[in-house]
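*Asks:* The two chains are supplied separately, each in an independent frame; assemble them into the complex guided by the hints.
So the protein sequences, as listed, match chains A and B.
Taking numbering that gives the first Met the number 0, the leading residue of the first sequence gets 0, the next gets one more, and so forth.
Taking numbering that gives the first Met the number 0, the leading residue of the second sequence gets 0, the next gets one more, and so forth.
No lab work stands behind these hints: they were computed from the structure.
Quick caveat: nothing in here was measured; it's all calculated off a predicted structure.
Be aware that one or more of the hints could be misleading.
Stated by the list, open to error - Output of the computed footprint for chain A on chain B, the stretches with three or more beta carbons under 8 Å from beta carbons of chain A: (1) 40-54; (2) 114-125; (3) 293-300.
Even glycine gets a Cβ: it sits at the ideal position worked out from N, Cα and C.
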Amino acid sequence: MKTEWAEPAEQTESAEQQEQENQREQENQQEPEHETERDEPSEPVEKAEETDAGPEKKRVRFKEWIYSKLAPLTDILNGIEDDFEDRSHFKKSLFAMFKLRVPICILLVAAMAVSGCYFAIESRNTATAEMSLNYEESANGLNPNSTRFNAYELASADVASGMLSACGIDPDSVNLNAVMNSISVRPTNAKAFSEDNFFISTSYRITIHKPSFIKGMRAQDLLSLLCKSYKDYLFANYTENRSILYFDIDEFEAKEFMEIADLLDLKAQQIDTYLNTRVKQSKTFTEKQSEETFKSLAQKVDDLRHYDIEKYRVFVLQTGTSYDKAGYIRALSYINRMKGLSYNKDMAAYTVRNDGIKMYDESMISVVMIPSIDDSKNTYYMSKTKTGMDYMASQADNHLLTAQETAKEIAVNKDIISKMYAGVNKESDIRKANKMIADIRQKFDDLSRQIETVDKAYIKYRTKDYLTFKTTEQSLLQIVRWDMLLMIAAALLLGIFLTLWLRFRYFHGGKRSERIPVVTLPFQG
Amino acid sequence: MGKTKAAEKEPDNGVRSKKKSPVGRLLRAFLMIVVAVLVLTVVVNIVINRDFTVTFYQIDTIKVTDSVRIIELADLHNKEYGNKNEDLIRKIKALQPDLIFYAGDMMNYHDYNYSVLFDLSDKLSEIAPIYACYGNNELDHSLFEDKTFAEKFQSHNVRLLSNEAEEIEVGNTLIQLIAISDDLKQFDIETNNAKKFLESLEPTNACRICLTHYPELFHEKLLDRGIDVAFTGHAHGGLIRLPKIGGLYSTGEGFFPDFTAGVIQVKDGAQVVVSRGLGDSHWIPRINNQPELVVVDLNWY
Chain A
0 MKTEWAEPAE
10 QTESAEQQEQ
20 ENQREQENQQ
30 EPEHETERDE
40 PSEPVEKAEE
50 TDAGPEKKRV
60 RFKEWIYSKL
70 APLTDILNGI
80 EDDFEDRSHF
90 KKSLFAMFKL
100 RVPICILLVA
110 AMAVSGCYFA
120 IESRNTATAE
130 MSLNYEESAN
140 GLNPNSTRFN
150 AYELASADVA
160 SGMLSACGID
170 PDSVNLNAVM
180 NSISVRPTNA
190 KAFSEDNFFI
200 STSYRITIHK
210 PSFIKGMRAQ
220 DLLSLLCKSY
230 KDYLFANYTE
240 NRSILYFDID
250 EFEAKEFMEI
260 ADLLDLKAQQ
270 IDTYLNTRVK
280 QSKTFTEKQS
290 EETFKSLAQK
300 VDDLRHYDIE
310 KYRVFVLQTG
320 TSYDKAGYIR
330 ALSYINRMKG
340 LSYNKDMAAY
350 TVRNDGIKMY
360 DESMISVVMI
370 PSIDDSKNTY
380 YMSKTKTGMD
390 YMASQADNHL
400 LTAQETAKEI
410 AVNKDIISKM
420 YAGVNKESDI
430 RKANKMIADI
440 RQKFDDLSRQ
450 IETVDKAYIK
460 YRTKDYLTFK
470 TTEQSLLQIV
480 RWDMLLMIAA
490 ALLLGIFLTL
500 WLRFRYFHGG
510 KRSERIPVVT
520 LPFQG
Chain B
0 MGKTKAAEKE
10 PDNGVRSKKK
20 SPVGRLLRAF
30 LMIVVAVLVL
40 TVVVNIVINR
50 DFTVTFYQID
60 TIKVTDSVRI
70 IELADLHNKE
80 YGNKNEDLIR
90 KIKALQPDLI
100 FYAGDMMNYH
110 DYNYSVLFDL
120 SDKLSEIAPI
130 YACYGNNELD
140 HSLFEDKTFA
150 EKFQSHNVRL
160 LSNEAEEIEV
170 GNTLIQLIAI
180 SDDLKQFDIE
190 TNNAKKFLES
200 LEPTNACRIC
210 LTHYPELFHE
220 KLLDRGIDVA
230 FTGHAHGGLI
240 RLPKIGGLYS
250 TGEGFFPDFT
260 AGVIQVKDGA
270 QVVVSRGLGD
280 SHWIPRINNQ
290 PELVVVDLNW
300 Y
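Here chain B stands alone, though its shape is the one from the complex (with noise of 0.2 Å):
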């Protein structure tokens, strides 16, 4: 005859019962298909990863008079796709842009192999003009590594602007580009450019578009300074995104960021393009969140 359960669980002359309770093998288990399921979340991820999506936004602006495409590319971070990134040239080029905007990081602090950037920036500027401005690593690397860069970026073709406006004219349309090089901890210091020169600017029937590296100047910053449209970038999508919720974490904002990604229209009316960005600069996988070629059509329809 079998034993009773009650005996079985008993241990057998002192020594416990080799068999594991069934909460335990239910919890090995769960943790195992955990670990499995991150496992493949990673490796999936860091394969779609390798190759870039294009995201289009419609942003809807009276102040244009015929439909204007931009192009904007940030946090590239020296990637490549295709040999000489090929491949984001080629797409670049079909999508016929009127403008492309640089907005900011498209290089790496203390790498002086610039060759990526000013090869890209050679083949995009026959394809359209190109304006940037400076991310932290080019504000950085320009600062305390090459004070040259500046000059040498600018001699590829691309108009680099720093706490400074140009007035663009696209077809009918004419567009005031404003672009900020400070982020949030040097905006306020007295000496900065970027509070002065905001305060010089006047009233424009232009449409007027803001190219910064830092969303996170729109939380106050950037607010009322009669900016239309905003390109950024810097919180590469906020790392991880979660469905429902968004990013995860942004050096910017910390974490569950407001700024990550998509079109958000700020207080005062403005939209910001956040850019998940197309390349990435620390060890963090991203999941959920494929690198992005942003296209933004403004219409006034």
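Looking at chain A on its own, in the form it has when it is part of the complex (with noise of 0.2 Å):
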């Protein structure tokens, strides 16, 4: 009886092979149907001589080691070949993958553990987050100050040089087109993909994979630069401006008192803009920590500038203090001079104007017409219900306002030079005036943090921060990327499969067969 571990009617054309076979093939006879005893398969080729080996010989040995350990797989696949003689090549193929069933799951299970580390080394060179625009504008595909928005810059170059300086890097030392090229962002959603449907996305998912040049850090690290990079660009450039809440430390360099005392006036009024404009956003909105409104902090800077800075005012007024007083006597009378050739213009303006009115005959009124616009649809037309006095009644108005204000300034400027004539220039004063400016200077300072801090979290309330990014933490099953392993394991059963039963159709007992197709007969045992 022949048993699974037996060997090959031809196996080797070599003659050393042929004795070694005989041999085995006796010890077969002697114990043919031991299993447990085949457990480890002896070794068919003799110990290496270890002398006179050339080239050709140390190849021929190799041959042998090699068929020496596929023996056992040989003996199966022709032990399967023999058995089912009569059966096709496929049943063949399944028959020899369930035979060979331990070894298989053996080298999937390899082959799946080095792809799942492989594929687990790579998934720490990518990182992916998903953007969302929060802000109202984004549903128009706009920025937060309505410019067009573009999610394609998140990829420029402006974004990843912020990136690589933030990771420490010189961006001018770099590849940053390699960089750029490394940042991939798509939208989420699929219809923005559909060129019939114009639907805008606001959210999108970026993924970039790191660059071989940057070392030291993880994938995740990098994306979180790239998102706060993104972040600064966009509020750099598409967000409200909130530069005027501070001041800048040369405004008030050679300046006089009074001179600083308008200045401080004229930042406290921008100041109340701001806020005014919050409040008619959110008259209720309250930041929690310090539960101030836009309303509250408004208020303080009404008294900021209605007591400090008038106390000021007054103070430098009443006592004369300047720092050159004469230099800004002989300026303040030079500005009035300005100022009163101004009034004079302003004057002489509005009574020609005047004049004109006067001289207009009503006659005229029923002849002449005069070119207009229609402010709703925007064009001119030529009316004949409108009068030319109409415009100079307007003109003559503006001119007298502005001529007042003139007159109201210069006569300002004329009580400035007569107590700055009658001060007396103390060291004192000046010294009480700069420490009124620094006092005034702090409470702007904290009124300025205050006001940040509530429209900051105004910002958060009102657009969640304008847009948020989400990084996902990976499953392990999503690092060693399961679908490709399924697939890996797939494509090597099928290989496998395939090898056999190539195996069994063109490689009879291990030799190639003549070829000669076996004819199976239907019902065959």
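*Replies:* Right, here's the structure in full:
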């Protein structure tokens, strides 16, 4: 009886091998049916002769060694071939796979483990995040300041440079294009890809593949720096500007005390205007920690303006404090002369228009047509109902108003000049005025910080930070790419099956067959 | 003819068969694989841990006006990266920090060789202002070994704070830095300064940053103190970091500690940065726990 481990009839061409096989066959005849004793197949190759081993001999010995290692497999396949001679190659292959299930399983597990490790290492170099635009204008494809939104700015040179700088890499020292190409941005909504559909996506998937020259940091960190760089870019270019809240240190350089009073007043006015805009947007918004609202902050600015700054102005006026009294008086006198000229010009314009109105003949009203603009249609037309007098009256009013304002400023300047003449420029007054300025500035700084805190909280509440990035931690299955692992396993199985099928189809008994088709009769045992 | 399996298992003439059972062979093979994997893991980690990694954190707080970058160094234990820490200095310089914090244990108790720390401080102070708090090593050393240590340390351009606060202005951002020197055991001592100091703190509009060596204080002691962000160390990342679980052991919290690495938001909303540290103080190797340099960007958006 032939066992599974029976030797193939024709195994090798070499005489040595033939001899070894004969030996093994004899052994098999002695113990024909004992599987357990064949756990470890006997070594067919004798111990290598250490001396005179030429390259040809070595090759032959290596070949023999390979054959000896493959002998159990060849035995199994030959056994199947003999036992299922009348079956199709497909069935033989399937049966061979069943017989070889243990080594096949080990091979699959090993291949999947190696591939899994590779994918896990590879996944460390790639990171993905989802960006959501939360502000109102994003639904129309716009930036917060209503300019056109372009998601691909995420992969722009500015943003990539910002990211590299944040990593501590000089952007000029690396290939910036390679970095930009390693960033990909895609809308998350599939509709956005359709040509017929003008869907504006408000969420995007950002993927970064860490370039090889960036070492010592994770892809996840690189992605977070990319997101930060983009936020910096967006806030610098497309959102509201809050620089108005802060003073420029150089603003007060080489300024007279009275001019500083005007500057402080102007700053307070600007902050007040900023706050009033916010009050119009949200009257009730309250910051949780400080419990401040925009209205309460506007009141504080008002107090600062009408109490602290006015107190300072009065002090400077009363004491006539100045760094350079004569120079300042000269400057104010010059300003007054200029303002006097403006006043005279405005008054002359006012008088001319008044005279024109008086000279306008009533009979002209029905004849003269006046070129006019239709505001609703934004078109010109010749009006019969309007008269030239309407325009002249309006212009006369404007000129008179300007002249009055100028006269008021001239009066104030005159008052300052007279106070300056009267005042004694004491050192102590200068010190006090400087201290008052420092106090007012401190109050401004505190107030600016409070306003900024409330403002930021409001922006966070209204726009939810304009945009948010959500990075998702990958599960173990995602890291090792289980879908790819399954495909690899399937491909391996298919490959093994095909190899076996080819073996049964073309290689009979370990040798190429004569390719005589085996006719299998139907219902054959 | 061959013997049957039963016959094979029987001892021959009272002598036990030398062939081991398949279970025993499997066990032996398994044990060998486990030992090999362990040895390989330790060796690979020792090699990896010769260098440090840079970890970046982005923290949101509306208390800052512009982005503020802070670099935290913790638990250096006199370790050097390159000659006189030149690798570390080069990296920090490239990262352009606004502030540099030492979160304690930068040197070793009983060790009078201060050159590593002082040379590093001299170089880093050229990059950004350095603020430091005491770690257990510095505190013990200055209490029991060298009482002049603090003075010497500060002479190298380091502002060493101990249970005190300092206001720092970075651009338009005002930061109130508070440094706590006491650990969990010393915290409740009546005569101790930390408790009194914290009770004396008044509310502020500034961004309050706490610098302390001991993250475990955030279980209870440092809660509800108006802290926005805290910088800590001490845990050495829990020595051995297990996937999905985290650190295995820290001297402050024992096994499976809560504060070993990363940014942890505690109950009162404070964000606690825990550094895995840059050096080692004992023989247990760091596994899956590379030394790290922590970079924190404080942003309002």
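*Asks:* Does each hint hold? Answer for all of them.
*Replies:* Do the hints match the structure? See the list:
For the region 40-54 of chain B, the proposed coverage by chain A is satisfied: 5 residues have a C-beta within less than 8 Å of a C-beta in that chain, meeting the threshold of three. With 0 residues having a beta carbon nearer than 8 Å to a beta carbon of chain A, the region 114-125 of chain B misses the requirement of three or more and the stated coverage is violated. Requiring three or more residues with a Cβ within less than 8 Å of a Cβ of chain A, the coverage given for the region 293-300 of chain B holds, as 4 such residues are present.
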